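These protein sequences, in sequence, are chains A and B. If you're matching positions, the first sequence starts at 1 in full-length UniProt numbering and goes up one per residue. If you're matching positions, the second sequence starts at 1 in full-length UniProt numbering and goes up one per residue.
Think of the hints as simulated: they come from the structure by calculation, not from any bench. Wrong hints could be hidden among the right ones.
Derived DSS-like pairs (lysine-lysine); straight-line CA-CA distance at most 27 angstroms [said to hold, decoys possible]:
id: 1; chain 1: A; residue 1: 212; chain 2: A; residue 2: 91
id: 2; chain 1: A; residue 1: 337; chain 2: A; residue 2: 220
id: 3; chain 1: A; residue 1: 91; chain 2: B; residue 2: 128
id: 4; chain 1: B; residue 1: 106; chain 2: B; residue 2: 88
id: 5; chain 1: B; residue 1: 128; chain 2: B; residue 2: 106
id: 6; chain 1: A; residue 1: 220; chain 2: B; residue 2: 88
id: 7; chain 1: B; residue 1: 106; chain 2: A; residue 2: 220
id: 8; chain 1: B; residue 1: 88; chain 2: A; residue 2: 212
id: 9; chain 1: A; residue 1: 91; chain 2: A; residue 2: 106
Some chain B residues near chain A, calculated using beta-carbon distances under 7 angstroms [claimed, not checked]:
id: 10; residue: 77
id: 11; residue: 123
id: 12; residue: 126
id: 13; residue: 153
id: 14; residue: 344
In this text the structure is predicted, and so the values were computed from the model without any measurement. Every residue, glycine too, gets a C-beta built ideally from N, C-alpha and C.
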Amino acid sequence: MTLDIDTLLDDPATRILVCCGSGGVGKTTTAAALGVRAAERGRRVVVLTIDPARRLAQSLGLAELDNTPRPVAGIDTSAGGALHAMMLDMKRTFDEVIEGHATPEKASQILENPFYQALSSSFAGTQEYMAMEKLGQLRAQADAGEHDWDLIVVDTPPSRSALDFLDAPQRLGSFLDGRFIRVLSAPAKAGGRAYFKVMSAAIGTATGLMTKLLGAQVLKDVQTFVAALDTMFGGFRERADATYRLLQAPGTAFLVVAAPERDALREASYFVERLEDEGMPLAGLVLNRVHTGPAEGLSAERALTAAEDLDDAGEHALTAGLLRIHADRMRLSEREKAVASRFVQAHPAVEVAQVPARPQDVHDLDGLRGVGADLARSGQPVLSV
Amino acid sequence: MASQGFRTDSARRRPARSLPAGQRETDWPGVRLHIVTGKGGTGKTTAAAALALALASGGHRTLLAEVEGRQSIARLFDVPPLPYEETKVAVAPGGGELYGLAVDPKAALLDYLEMFYRLGRAGRMLEKIGAVDFATTIAPGVRDVLLTGKVYEAVRRRETIRDGGAEVERPVYDAVVMDAPPTGRITRFLNVNEEVVGLAKVGPIRNQANSIMTLMRSNLTAVHLVSVLEEMPVQETADAVTELEQIGLPVGGVFVNMVREPFLPPSALEAATRGSLDRSEVLDGLAAAGLGRRSRATGNDTSHAALATALLEEAAGHGERVAMEHTERGELLSLGRPTYELPALAGGIDLGALYQLAGLLGEQGAA
Ligand SMILES: Nc1ncnc2c1ncn2[C@@H]1O[C@H](COP(=O)(O)OP(=O)(O)OP(=O)(O)O)[C@@H](O)[C@H]1O
Ligand SMILES: Nc1ncnc2c1ncn2[C@@H]1O[C@H](COP(=O)(O)OP(=O)(O)O)[C@@H](O)[C@H]1O
Ligand SMILES: [Mg+2]
Ligand SMILES: [Mg+2]
């Protein structure tokens, strides 16, 4: 089935579009292309990008990373739309969350804590968590009327697995809420009194060993961090939960982006199944960087045989070269079709849009418009199964 | 050394050498730890495996270690998931052996505790209470020290063998290849010393971090970068070279992966991109090859003219792509590192393909 992108973009009920998929498949490109297209069709859009390629960032006016959406120049606003774009600064987002939840003294105490600094800049999952947090903020700003955005397009972090985006916030939460941390910060809270007695010897040993291994300072940093966070912790989790619910709410649609390669489509499959389990609405699959050709009727084999015949005859070297280019492309295309049709067979209800591989990177507004047009191209031949 | 100046886009293989086993001429004499990084998906695992095979060939023993808990080695060599144990995964040409190891930080931590504190059953208790999880996931830097530490240990491990009557000591592995995290995380990952500054000033983890850093900064180590000829991976490669040099880690070679040979000579490629190829020549060629009639089976229009237009359009894209790759290759070469090229293999990567890539790496002097 073909995915009808324009209907999705034009529908005022579509409020949040999340582009997910494994790394390098074109999530950022797709998110930016959707933003441009929606804006030029009249939506008031904000795009949250995570790690745009340098030149793409420049052409969106994102040279400066200030964690706030900025208007994108060069957008055709004649249909009444507008485009803002921003690039996520995860550490800053985390800092702002802390600042927004604690008294100034307490906030600076946390921000200076070495454990917090490590957590906010390097913990696997922080980026996903902060992407969610930022999405929640943008939506809240829109709802509060601070901005007139009516569509938020979200890119997701370059994780190796598409599922990280959904799982990381909870994972981070449960680490911070983990048993050993609670033991460290307040041993008595880890269980009832009886439990505490039984466990206290073990806890003593464990704490002793960890102190030897890591040093007393680390454990102290963790303790002060958790203690400082304790009062705002509830609010913290509630926020993450609220954003997660936002993803389940009507108005949110997910687009899973994949390249026509085995690994990327395997991840896409997991994601599609996961969305189903969570009751989250999947708009469709974007199959990006597909090698299609204008001369599909000529098979790789025939083209190669013909090229060899010409070479044997010692003439028409140019035509032989063109036939080899074609044969190479057809081979690639056949391989891509084979993996893609396996996905289609496994998920027949998932709507698909295909974006051809461009010879070059997509790094300016025109490139993004081109990708947007490809995404929307209706009546595209659906992958033959 | 592989040539470091600009090279043309055509194949550039050196003649095969015929040196006795153990005395190969390589760009990395004395290097025992090869760390392979690159942007995600560029072929780190593939290149690391091919390099490990190449280093094993001719009767050597190498270890390929992965550190991201993804069982990429098992998948690549089509063997069952690797236990936390060095496992032979392939033999190399000329009788070498390739071992694989999936480093697991939790198991590595328990190893340590056992080694330094003779824990016995207390290790289980640590797990139960969440302390192992804590130390391997959120105590800053510890996880990376544990992962690199295991690899460090494998590089340094020695064994005593009987050679005739005499007892000889030698390293267990002639070389260790680490399939490392991607460029975005590599500096932090390898800079273990810096990462654990907040930790105990003494104690096994700290000492370990110091020893690891000493090895990694020495000429026993080379950090190789894998890239494909596209903007983002090339940019990340250049950034990584700068960052690695800043922290004093020895940058190794650049592995240019998935290289495709151009199908036309440079002048024709240029003309193709400009759209000024000789169309009538193509029409003649198609006629000579007997192509371009309407296909009765599919009803597709494959008449000469339409086919010529289609082929010219594909050629234009090809020309544009080759030009872009040429620019990106120039960027990579300007880094001034030894460069090795690995072709895009049409059939994908299986064991046979790995042998082929290993052979090419050997010929180019990477191993
Ligand atoms: N030279 C090559 N020719 C053809 N296919 C290749 C080549 N090198 C790698 N591949 C394929 O490209 C894909 C990515 O390769 P690989 O898994 O080695 O990359 P990676 O950098 O380790 O990825 P990750 O960042 O996910 O760890 C794999 O499907 C692999 O088989
Ligand atoms: N259809 C396409 N044709 C050509 N290049 C593309 C296409 N889609 C993406 N790219 C390029 O691929 C690279 C990775 O894309 P990006 O959107 O950053 O991926 P992700 O966000 O999924 O990691 C970028 O350089 C981008 O320009
Ligand atoms: Mg991205
Ligand atoms: Mg890999």
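Here is what the structure says about each hint:
no.	hint	in the structure
1	A:212 x A:91	violated (30 angstroms)
2	A:337 x A:220	violated (56 angstroms)
3	A:91 x B:128	violated (32 angstroms)
4	B:106 x B:88	holds (22 angstroms)
5	B:128 x B:106	holds (12 angstroms)
6	A:220 x B:88	violated (44 angstroms)
7	B:106 x A:220	holds (23 angstroms)
8	B:88 x A:212	violated (36 angstroms)
9	A:91 x A:106	holds (18 angstroms)
10	77	violated (16 angstroms)
11	123	violated (10 angstroms)
12	126	holds (5 angstroms)
13	153	violated (17 angstroms)
14	344	violated (9 angstroms)
The structure shown violates the earlier hints numbered 1, 2, 3, 6, 8, 10, 11, 13 and 14.
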